[in-house]
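There are 2 protein chains.
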Amino acid sequence: MKLLHTADWHIGKELGEYSLLEEQWNAFHQIVNIAETEHVDGIIIAGDLYDRAIAPTSAVNALESMLRELNLEKQYPIYAVSGNHDGATRLGAGHEWREQTKLYLNTTLAGAFEPIETNEAQIFLLPFLDPLEARTYYQISEDEAVNYSTIEQVMAKIIPDLVNNFDNAKKHILVTHFNVTGSGNEDYKFTSETNSRVGGLKGVPAALFNDFDYVALGHIHLKQASPNEKMQYSGSPVKFNTKEAQSEKGVYIVDISEEEVSTEWKRITTGKDLIVLKGTYEELITPSFYEQYDRDGKNWFSITINGIGARDSRATLSGIYGEVVELNYNLPKLINNEIDLAIDTKDQAEEDVIAEFYEKVTDNQLSKQQAAIVEQTLTEIKQSEED
Amino acid sequence: MKLLHTADWHIGKELGEYSLLEEQWNAFHQIVNIAETEHVDGIIIAGDLYDRAIAPTSAVNALESMLRELNLEKQYPIYAVSGNHDGATRLGAGHEWREQTKLYLNTTLAGAFEPIETNEAQIFLLPFLDPLEARTYYQISEDEAVNYSTIEQVMAKIIPDLVNNFDNAKKHILVTHFNVTGSGNEDYKFTSETNSRVGGLKGVPAALFNDFDYVALGHIHLKQASPNEKMQYSGSPVKFNTKEAQSEKGVYIVDISEEEVSTEWKRITTGKDLIVLKGTYEELITPSFYEQYDRDGKNWFSITINGIGARDSRATLSGIYGEVVELNYNLPKLINNEIDLAIDTKDQAEEDVIAEFYEKVTDNQLSKQQAAIVEQTLTEIKQSEED
Numbered sequence: 001m002k003l004l005h006t007a008d009w010h011i012g013k014e015l016g017e018y019s020l021l022e023e024q025w026n027a028f029h030q031i032v033n034i035a036e037t038e039h040v041d042g043i044i045i046a047g048d049l050y051d052r053a054i055a056p057t058s059a060v061n062a063l064e065s066m067l068r069e070l071n072l073e074k075q076y077p078i079y080a081v082s083g084n085h086d087g088a089t090r091l092g093a094g095h096e097w098r099e100q101t102k103l104y105l106n107t108t109l110a111g112a113f114e115p116i117e118t119n120e121a122q123i124f125l126l127p128f129l130d131p132l133e134a135r136t137y138y139q140i141s142e143d144e145a146v147n148y149s150t151i152e153q154v155m156a157k158i159i160p161d162l163v164n165n166f167d168n169a170k171k172h173i174l175v176t177h178f179n180v181t182g183s184g185n186e187d188y189k190f191t192s193e194t195n196s197r198v199g200g201l202k203g204v205p206a207a208l209f210n211d212f213d214y215v216a217l218g219h220i221h222l223k224q225a226s227p228n229e230k231m232q233y234s235g236s237p238v239k240f241n242t243k244e245a246q247s248e249k250g251v252y253i254v255d256i257s258e259e260e261v262s263t264e265w266k267r268i269t270t271g272k273d274l275i276v277l278k279g280t281y282e283e284l285i286t287p288s289f290y291e292q293y294d295r296d297g298k299n300w301f302s303i304t305i306n307g308i309g310a311r312d313s314r315a316t317l318s319g320i321y322g323e324v325v326e327l328n329y330n331l332p333k334l335i336n337n338e339i340d341l342a343i344d345t346k347d348q349a350e351e352d353v354i355a356e357f358y359e360k361v362t363d364n365q366l367s368k369q370q371a372a373i374v375e376q377t378l379t380e381i382k383q384s385e386e387d
Numbered sequence: 001m002k003l004l005h006t007a008d009w010h011i012g013k014e015l016g017e018y019s020l021l022e023e024q025w026n027a028f029h030q031i032v033n034i035a036e037t038e039h040v041d042g043i044i045i046a047g048d049l050y051d052r053a054i055a056p057t058s059a060v061n062a063l064e065s066m067l068r069e070l071n072l073e074k075q076y077p078i079y080a081v082s083g084n085h086d087g088a089t090r091l092g093a094g095h096e097w098r099e100q101t102k103l104y105l106n107t108t109l110a111g112a113f114e115p116i117e118t119n120e121a122q123i124f125l126l127p128f129l130d131p132l133e134a135r136t137y138y139q140i141s142e143d144e145a146v147n148y149s150t151i152e153q154v155m156a157k158i159i160p161d162l163v164n165n166f167d168n169a170k171k172h173i174l175v176t177h178f179n180v181t182g183s184g185n186e187d188y189k190f191t192s193e194t195n196s197r198v199g200g201l202k203g204v205p206a207a208l209f210n211d212f213d214y215v216a217l218g219h220i221h222l223k224q225a226s227p228n229e230k231m232q233y234s235g236s237p238v239k240f241n242t243k244e245a246q247s248e249k250g251v252y253i254v255d256i257s258e259e260e261v262s263t264e265w266k267r268i269t270t271g272k273d274l275i276v277l278k279g280t281y282e283e284l285i286t287p288s289f290y291e292q293y294d295r296d297g298k299n300w301f302s303i304t305i306n307g308i309g310a311r312d313s314r315a316t317l318s319g320i321y322g323e324v325v326e327l328n329y330n331l332p333k334l335i336n337n338e339i340d341l342a343i344d345t346k347d348q349a350e351e352d353v354i355a356e357f358y359e360k361v362t363d364n365q366l367s368k369q370q371a372a373i374v375e376q377t378l379t380e381i382k383q384s385e386e387d
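Protein sequence lines correspond, in order, to chains A and R. Take 1 as the starting number for the first sequence in the UniProt record's numbering and just add one per residue. Take 1 as the starting number for the second sequence in the UniProt record's numbering and just add one per residue.
For the record, the hints were derived by calculation from the structure and aren't laboratory data. It is possible that some hints are incorrect.
For identical chains, the list gives no copy identity; a pair is met inside one copy or between any two copies.
Pairs of lysine to aspartate or glutamate residues, derived as DMTMM-like cross-links and limited to a Cα-Cα distance of at most 25 Å, are as follows [as the list claims (entries may be wrong)]: (1) K102 - E69; (2) K170 - E14; (3) K74 - E96; (4) K102 - E64; (5) K346 - E260; (6) K230 - E351; (7) K272 - E17; (8) K74 - E99; (9) K230 - D143; (10) K157 - D340; (11) K272 - E248.
No experiment lies behind these values; they were computed from the predicted model shown.
Just need the whole structure built from these sequences, with the hints factored in.
Dropping the structure here:
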């Protein structure tokens, strides 16, 4: 049995003012191709299908189309959970009907304990949850709540209840969506020790999952964050920010036919890439510099200007690069908190306050031309206030 | 073949600050009982399942439970459309999966043309829509838009396209959600005449539906608004406002086995009733008056005070009646616009302005006690402003 493991689609997300939908469709089509080429028997989506609890209708239409293609048209079973970005109730609406065609989408703790059974495997679907939801489910009393106040504490209660339902003749797969810490090599004791570590770790120790043959994780967008080969983040199929700009995107093919579960990474190539640029304003607007990039909607650009740029930086750079999803200024003294920005405004003319601020931030004085712009702008403001 | 016809559930609606959910469950259980007693073959829900486009999660959970009980547990086919209160996209998400168990929920014009086929009937599901949606579907050009600017104009185009798909061996049922005008006895010509009546009627002429054997309507909450016996509003199963307080609630059982479709009204009794009271404040707080009603959460009260009531009318009345969902004041002169409310405030003390306003509205002068309350309140306000 082979499963495709993906996660963190974040349908509905925007980069700056630009919708990611086209790029998400591009990634989706590649996922379908990989599923077909690899002849997988099902598809795992480990949470954060949507970017927001109340997804815009364009996102609802897109996700519905994707699920329709995978499950109704190509008839892949789907094993999915809700992530922290999803609205569990809204995403879960109608899930019993979706199960009629083996689209399993679990969004509640109550639904996690009964695994989906295939001939070879038990697939447990454990959605993202917070400790309060677990305390409600287990009817933890107020007195006991302190012992179930972290996600680690409640997971130390939940996981044994999943393991209790293991059929030893089968492989055991967990689909879930948390920040997992450690490598899983640590010993983990299900004792009162756990409960004494109140408010300690923010994540779930990987060692808690050691009884499973494979843990398909969502939440972290980079596969490098995976604890070990049996507990992996597939990462998001699309790059969502500059931290992810250099990373490789893809899915895992999980083969559970042999004694040991094995996985293989399948790369997804970007349609539009997210290109991160940094330079002085003069460099950034020099043709020999910018002509090395495919621009005009072919890529997204996250640009950092060393210095303060020009009066119309954003418009000029958008004119050159097309889709500028982020524009930052690198002003080291300001960033390093080296500047005392306190300026005595009381007895200074407005133009002098601006000039002083400029000098503090840039170490330069306003040029004659800049000073003239300041003066004219202030005059215009005063006039408009009098009108 | 027998169908139960209901509509306008408005799950998620509140009366004043009170949730209607308990009353909606009460009505729902009666609907299930009627369906079982009458051995119906399916259930029509003619729009406005939710009260809002983005329903609160409590409403999502409630509607899902109701649909689960009707369709998955008791295995009734469901024939439903979205109404103007529903968010079509969100309500329609997952509809292809719901169809696996004969829960047909259509929220798009595109989905209206292919009827659900049973042995005896074709059931067309036409959701609420606005003219723009129809123009988009039919790819009406800008030049032609003026001829498809009212709901009547677009329905005069849509209905013949439904009728075109009639199988003459079967009965033809339409489930829809509009304000229907006229009795259906009028002649209706599908000609350019229709298109010349730009911006005329706000509703859909009943005569447009004459080709159908039964039209199950939603939108208007009172069954009395039905154009004729073959085009009926079932009304809402719960009373939502004082206009509906005196009305009988229920569902229609539609029998389409005979040559002529026949219908039978089945009443739903209220758990909590909405009681409309009107009287002077003194009457309303007199035990011999209020003791004739079941109070303390057993009913909702919409109260109109003849006059201006007392300083703490709302608190006092809530203490007596329990759930006061509405509190109004009947001040005839004010309502009839007979009062010139312009008061010269410039050279008057605040207490005199208030006294003058009171006299204009009630025809009485402030009593000594009332004047003392005004004075003390103004003093407290001034003090708190100085603190």
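Cross-check of the supplied hints:
Proximity of K102 and E69 under a CA criterion of 25 Å is satisfied in both settings, with 13 Å inside one chain copy and 21 Å between copies. For a Cα distance limit of 25 Å, the shortest separation of K170 from E14 qualifies neither inside one copy, at 41 Å, nor across copies, at 50 Å. Taking identical chains as interchangeable, the C-alpha atoms of K74 and E96 lie at most 25 Å apart whether they share a chain (20 Å) or sit on different chains (14 Å). Taking the closest pair of Cα atoms, K102 and E64 come within 25 Å of each other both inside a single copy (15 Å) and across two copies (19 Å).
Neither within a single protomer nor between protomers do K346 and E260 lie at most 25 Å apart by alpha-carbon distance, with minima of 74 Å and 89 Å respectively. Taking the shortest Cα distances, K230 and E351 never come within 25 Å of each other, neither inside one copy (63 Å) nor across copies (78 Å). Taking identical chains as interchangeable, the C-alpha atoms of K272 and E17 lie at most 25 Å apart only when both belong to the same chain, with a minimum of 15 Å there against 50 Å between chains. In the homo-oligomer, the alpha carbons of K74 and E99 lie at most 25 Å apart both inside one protomer (15 Å) and across protomers (18 Å), since each shortest distance falls under that limit.
When the C-alpha separation of K230 and D143 is checked against a cutoff of 25 Å, the pair qualifies neither within a copy, at 37 Å, nor between copies, at 62 Å. In this assembly of identical chains, the alpha carbons of K157 and D340 never lie at most 25 Å apart, being 52 Å within a copy and 71 Å across copies at closest. Proximity of K272 and E248 under a CA criterion of 25 Å is satisfied intra-copy only: 14 Å inside one chain copy versus 61 Å between copies.
Of the numbered hints listed earlier, those contradicted by the structure are 2, 5, 6, 9 and 10.
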